[in-house]
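Below are the chains, spelled out letter by letter.
2 protein chains.
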Amino acid sequence: MPFRMTEMVGCDFPLFAFSHCRDVVAAVSRAGGFGVIGAVSYTPEQLEHELAWIDDHVDGKPYGVDVLIPEVQAVDKGVTADEIIANIPAKYRDFTRSILREAGIGEDTAEPQGGSQRPNTSLGQELLEVSFNHPVRLIANALGTAPPEMIAAGKKHGIPVAALVGAKEHAMKQIDAGVDIIVAQGGEGGGHCGDVATVVLIPEVLQAIEDAGADIPVLAAGGIMNGRQMAGMMAMGAAGVWCGSVWLATTEAETHEVFREKMVAATSRDTVRSKYRTGKYSRQLRSGWHARWEEAGLPALPMPLMSVLSEPVLRALDKAAVNGNRQAQELCSYWVGQGVGLVREVTSSGQVVQQFKEDFLAGYENLSQAFE
Amino acid sequence: MPFRMTEMVGCDFPLFAFSHCRDVVAAVSRAGGFGVIGAVSYTPEQLEHELAWIDDHVDGKPYGVDVLIPEVQAVDKGVTADEIIANIPAKYRDFTRSILREAGIGEDTAEPQGGSQRPNTSLGQELLEVSFNHPVRLIANALGTAPPEMIAAGKKHGIPVAALVGAKEHAMKQIDAGVDIIVAQGGEGGGHCGDVATVVLIPEVLQAIEDAGADIPVLAAGGIMNGRQMAGMMAMGAAGVWCGSVWLATTEAETHEVFREKMVAATSRDTVRSKYRTGKYSRQLRSGWHARWEEAGLPALPMPLMSVLSEPVLRALDKAAVNGNRQAQELCSYWVGQGVGLVREVTSSGQVVQQFKEDFLAGYENLSQAFE
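For the record, the sequence lines run as chains A and B.
Using our numbering, read the first sequence as starting at 769 and increasing by one per residue.
Using our numbering, read the second sequence as starting at 769 and increasing by one per residue.
Any given hint could be a false lead.
Note that identical chains are pooled: a pair holds if it fits in a single copy or bridges any two copies.
[Said to hold, decoys possible] Straight-line distance between alpha carbons at most 20 Å, and here's what the computed SDA-like set of lysine to any residue pairs gives:
1. K1087 x G926
2. K923 x H960
3. K1048 x G962
4. K1087 x T1035
5. K1087 x P830
6. K924 x I856
7. K1043 x P915
8. K1125 x S1136
9. K1087 x D944
10. K941 x T1035
11. K1125 x E1140
12. K859 x H960
13. K941 x D1038
14. K1087 x E870
15. K923 x F900
16. K923 x R869
17. K941 x R1037
Treat the hints as calculated values from the structure; they're not laboratory data.
Just chain A, same shape as in the assembly (with noise of 0.2 Å):
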């Protein structure tokens, strides 16, 4: 078996796309990828639908679900979304206002979202039963150890549990938690992200397994966009690679064509790894977005209550950037890794993975010229 995570998992080629399009998912898995499928902000209801959706358009391919998400985690058990809102102090209320306005944009139409959406105890358990009712092959943790009971349920379902880490000691602890797969994401890449690199990140962690006398495979993640890159962790050790940001410049994502655009526009100097956006710190494309909260002095609020307050604003700059809106164009923005500097075009998720495919085969040889 020339690849590990085929018997694992069940997938041709052990590139791995993250993403929140069902679209890019199925896409992914039916290219000989395996799509895995962000729940993020998803109802039990509303996962079983988009799960649904994919095992329609899969063909068969396999597919994973990461499913507990930073918000929930960070959300205390029993609290409800108003009672999150009315911790919002008043004056960042006022200064994302603010914002709207000065872009021409109906300042109260981008109000945090409270009302009848219930407290989140046991949501992460109950997006778990919902996956468990449709054919994945792979269930994946984003932040934090895994917990015992999505432990225990992949064992039950004999279903493999990933999880990420950003740092060699939150992989020791993952290990312990007995994960089967380690997702390694260097500092460059997108969304939620320590401050290690990647090149550094993956022997270190691959050499924490090898001490803990384990024997568990690690995808590589962090500023990964083609096959060159790819054959290269795999040279260091890399079971596959686990790819976000590239997927957001295809025309099956749940980007918008603005933010493509500027997609294709940056370097990889063109992110920041920044709390203005969930709390914590995650890399993003570098907008006014973040100038404006530096300008303003305004320290980050903390998870959940940041991203409560900003998620709004900044799909309404979406939507007005989408519509012509200057301002809001400059404003928008997005999670995305330092590798958004090698994106040239947009295209396809299913012509991604087969460019993958043919760089793959070209890193590999790239590397056999120095045996020849």
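Use these hints to put chain B onto chain A, whose structure you have.
Just chain B now, with coordinates in the frame of chain A:
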């Protein structure tokens, strides 16, 4: 020819060792790698002496010289050391004296060095001339765009000129300047660095070279500590690797045993990209030195003032650390990259090269498995 660098600079194995220590340079070249002596702070007479020593100890193997140094570039033409010292604010000198006093070290033993030191105007050019009187096979330019006189001198002597870059934009300037080799160093590397990670920077620079219609080999730097990573970088398209930190944990290095022990104990999260040494961002082992400056709330002085103030103090701390002073051991630091987390033991430079060769083969085998 298996390696392009063999053709260009005559080494068997494209592992470049940047070191301020002649012993490391000679040992690496003898073992089949390529040593590059960092001529930082050397006078032409000192460089002549070092190169003569290397010639006597390198067994005819090729080596190179890194001649331009940040401090030199930052000094205005004709400014003397005494004039530089006069610009250091009194409260900064009081602060560094207080660090020494509290560590029980004579506070007047580490004053900025002035006196007979002459202006640095033409130092780089003089160092170049000294170098060309020796059988050097590479001239490297550590910071900023390689000046036309360096390119011209390289061409005249038939010696390739390499330049370090930390961003695609800098690489484009070096391509225009006509350098022969680009060393692309990610922000995880030790010393002066940008913030783009190696795994993104290498493909981004390779793409910029291709877009420019140029044919310039790229050496990958930043976080590279072993042969598996080297194989990974070469799969990505690099022509070899350029390492600094890995040599600091060798028996030949200029580092002292206390610092080497700190390297072995450190993880990748124990470095900091800080201005509190040279005045520009450089990555160092995080120590009490950085904590003290951060607590004091004094912004770093500009280059070269910061180095002129801090280097004598840091050398006094090194000396006291070696003599068993606990506070000095806690305060001492040196430039090192995140790769410090991969250092497991102190060994010889020759053994490091040998281990790189074995791991390079292992990296190739890791990747080959995918094609079996």
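Okay, the hints, checked on the actual structure:
no.	hint	in the structure
1	K1087 x G926	neither (42 Å within a copy, 59 Å between copies)
2	K923 x H960	neither (27 Å within a copy, 48 Å between copies)
3	K1048 x G962	within (10 Å within a copy, 23 Å between copies)
4	K1087 x T1035	neither (24 Å within a copy, 44 Å between copies)
5	K1087 x P830	neither (34 Å within a copy, 60 Å between copies)
6	K924 x I856	neither (41 Å within a copy, 67 Å between copies)
7	K1043 x P915	neither (25 Å within a copy, 40 Å between copies)
8	K1125 x S1136	both (17 Å within a copy, 15 Å between copies)
9	K1087 x D944	neither (44 Å within a copy, 42 Å between copies)
10	K941 x T1035	between (35 Å within a copy, 16 Å between copies)
11	K1125 x E1140	between (23 Å within a copy, 16 Å between copies)
12	K859 x H960	neither (26 Å within a copy, 40 Å between copies)
13	K941 x D1038	between (33 Å within a copy, 19 Å between copies)
14	K1087 x E870	within (15 Å within a copy, 59 Å between copies)
15	K923 x F900	within (12 Å within a copy, 66 Å between copies)
16	K923 x R869	neither (52 Å within a copy, 60 Å between copies)
17	K941 x R1037	between (32 Å within a copy, 16 Å between copies)
The structure shown violates the earlier hints numbered 1, 2, 4, 5, 6, 7, 9, 12, 16.
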